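Q: Chains as they are written, first to last, in this note's numbering: chain A, 1 to 149; chain B, 1 to 179.
In short, the hints are calculated from the structure, not lab data. Since this is a predicted model, take the numbers as computed values, not measurements. Cβ atoms here follow ideal geometry from the backbone N, Cα and C, with glycine treated the same way. Please note that the accuracy of each hint is not assured.
Stretch-level coverage of chain B by chain A, calculated; a stretch enters the list once three of its residues show a Cβ under 8 Å from a Cβ in chain A [said to hold, decoys possible]: (1) 1-10; (2) 17-24; (3) 53-60; (4) 80-92; (5) 124-133; (6) 141-150; (7) 159-172.
If you want the building blocks of each chain, they are given just below.
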Amino acid sequence: MPFGSFAPLPLRLGGSAEEGWAPEHHARFVADLVSVKRTAPLARLLVNQDPGTPFAATVAYYSGQNGSGVLYAPTIAVTGAGDVTLTWPGYWEDEFGIQHALKIRQAIARSYSTAAQFPVCLISARTIRVRTFTDAGAASALPFSLRAW
Amino acid sequence: MAITPTGAPAWTRQTSHVDYGGNVLKRNYMGGGVVNALTDVGAEDFCRMCSDLASVARTAAVWVITYVCSDAAPAAPTIEVANGMTGVRLVSYVGSAAPTGFPSAARNGNGDVTFTFAATYSDDYGVAGAWVPVTADAGLHGTTGGAAPCVISGSTVRVRAIDHAAAAISDARVTLEVG
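With the rest of the complex left out, here is chain B (with noise of 0.2 Å):
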């Protein structure tokens, strides 16, 4: 029989200990302590197990993403890398045509797009949870000054590269990280 997780995916923030098995009553078996480390896991290290996953789920980043805009010939930028916590992507694909699972995006202007997220996403066992972007943060690649300021509205992410100057950076390389 297929089992369903309990609780809901990590981008939800809504797990905690209980839901990984972590309980605070939890107890070694008939009360007795490890008795040998190679053979034996206690209810002490357990517990650690669980609570630190859910600390380490509460904070972690939903996607990060680097992408390079397509201004010399105008177009939707490039995606090179997407790490995700549904899934990762080493291959590069064009942002108006996102695989199945991973965000869209387009082109706004010279270092000046939007990408768009699904508003649920499943986890390897198929049960889904809803997201939305909260936090995000962009640094720009390259050997001269820039910066890239995020504005982030519903589902999508807009980013600018821009320069000391404010002017904007065309075919710029970002690295995005949204939560």
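For reference, chain A alone in the conformation it holds in the complex (with noise of 0.2 Å):
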């Protein structure tokens, strides 16, 4: 019966260095996987915020664990001049069918300026608020970037 490929399935451990995966290397991958896995953000974004009128703001860059590109993208609300309202679906599904909730729970927001900048994050279950804040204290529409966890 060939066998195709490195191994036939189901994998079995062990083996050469160069034909099979042997069950010390399987361990740290998984163990190194389970780690980076625990602290991965849900997302990183870019939104930017025109200041005309009506004010706008669109999500510029998107990469999540939902997927990579704008289609991604939680739905934007604009209350108002640095002041931005990001919603997630209740939940995505991966490339295998599989469901995910989301709840979010930590997130950081950056402003993009050449002068100080204070922005801020408030959430709510799926829902990030971002509001940007010059070092006057004033409503700021810049682009920020947000990680979300």
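Make the complex out of the two chains shown on their own, each in a separate frame, by following the hints.
A: Here it is, written out as structure tokens:
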């Protein structure tokens, strides 16, 4: 019976370094994979704010566990200058059709400017409200990045 | 017989594709490529998996913590969520009574706390790896502007919650990422 590839499935641990997968390597792989999964962000995104009339904001970049590209980005609602709310769906579905419920617990926002900026986040279940302020405490309509966990 | 993983845990930043079983000479069994994508794992797929895990392990955060300062009634901050490479805790705890394996935290003043991390952590197989914080980034929660500058000293990270005028923010909620 011919075997394809480097090993038949179910994959049996062992063999040589060139044709197999040693159990010690497999153990390191799964231990580290779990470690990085525990601290991996749900998403990284960049939001551009347009201070025109009417005021607008758009997700310019999105990379999340649910996918990369703005098609996967949360919906965006603008309350006013420097005041944006992002809402993720209740769950996301991975490539194997498994649904993962979403609950955001942690976030860090950063504004982009040559002057000091003071962005803050407010988390509520699947939404993050980001407000951006200048060093004078006034609302600012600058681009900001956001990491959420 | 129990298996001891190769190499050191991810937070030591020393692992490479080789620790995961990758090998630049890795080849398919008997030189045959993938015959059936539904049943075969190709050497090419496997090497990509090892290389990519090494990449993300090099840059992944070691701790992501969200906490609330206790300033109205001065006390150690409450850690609401702690995602660490060695474990995740979604049940809050007081920084002065940290559960085993999670960082402690002490109050220095209004909006001003210091986290203390262990010098060594063990992975799920019991393999220990030394760690010292080298990067820290903190962001403030709330509806009024503020910042949370960090200072790293040995195994401690001090974070101060301040407004745009550099005045301390009492009872601040902050997310801290440490790598």
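Q: For every hint, state whether the structure bears it out.
A: To see whether the hints hold, each was checked on the structure:
1. 1-10: holds (count 7)
2. 17-24: holds (count 4)
3. 53-60: This one holds; 4 residues, not fewer than the three required, reach chain A with a Cβ under 8 Å.
4. 80-92: Per the Cβ count (9), the hint holds.
5. 124-133: n = 3 at 8 Å, threshold three: holds.
6. 141-150: holds (count 7)
7. 159-172: Three-residue rule met by the region 159-172 of chain B, so holds; n is 3.
Consistency with the previously given hints is maintained throughout, with no hint failing.
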